[in-house]
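Student: Below are the chains, spelled out letter by letter.
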Amino acid sequence: AQSVTQPDARVTVSEGASLQLRCKYSYFGTPYLFWYVQYPRQGLQLLLKYYPGDPVVQGVNGFEAEFSKSNSSFHLRKASVHWSDWAVYFCAVSGQGTGSKLSFGKGAKLTVSP
Amino acid sequence: EAGVTQSPRYAVLQEGQAVSFWCDPISGHDTLYWYQQPRDQGPQLLVYFRDEAVIDNSQLPSDRFSAVRPKGTNSTLKIQSAKQGDTATYLCASSRQKVFFGKGTRLTVV
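One line per chain: the protein sequences are A and B, in this order. Just so you know, we're using my numbering here: the first sequence kicks off at 1 and counts up by one. Just so you know, we're using my numbering here: the second sequence kicks off at 1 and counts up by one.
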């Protein structure tokens, strides 16, 4: 069965500081991996996605993530956090076929302090 | 391109009442997902369809929940007899390659 673990439920970062949100996945085979963001009272929005290829993927608003097969990880990073990044971030995994099941972690709530 | 549309946006029920949620996916998207997202948790897949066929409903509480997508377009998720534990946001998503989410229906069962 596929699953995602996000070990840090709440993260607080100062504005301008760097950010890393951790994600560990479990999947038999080669997965597709995603990071979604959920702003208050809004739907889930895709930040970035990994399809087999370059392990470092770039997303919107300066976010990037790095895939590691050996560590079964897909950590999200940003060099300099902005107050507008205050949101909940979800890591997700799916299979490679079109219309595959998409499974989410429990999320990491990011608070940005001044 | 219109997004995934869900209605209603909010619902408040007493235990034992029934409720239906409606989802209009993006035109041309063959795959449709229903997720349940309890407060402060990640979305949990309830059921998903490819066209009108159910692909996986293993996490759908079948004694009280049902979902249909009769023509492979719009979909309805119904709770027959709601419980307080059903309080959550219900998300619909659709995809052809990328997955797009609606804004959800926030259900409160009192």
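Keep in mind that a hint or two might mislead.
Computed from the model, here is a short list of chain A residues facing chain B with C-beta under 10 Å [unchecked claim]:
| id | residue |
| --- | --- |
| 1 | V11 |
| 2 | G43 |
| 3 | C91 |
In short, the hints are calculated from the structure, not lab data. Heads up, the beta-carbon is just placed ideally off N, CA and C, and yes, glycines get one too.
Student: Now, for every hint given, state plainly whether the structure supports it.
Tutor: For each hint, the structure was consulted:
no. : hint : verdict
1   : V11  : 14 Å, violated
2   : G43  : 4 Å, holds
3   : C91  : 9 Å, holds
In this structure, only the earlier hint numbered 1 is contradicted, and the remaining ones agree with it.
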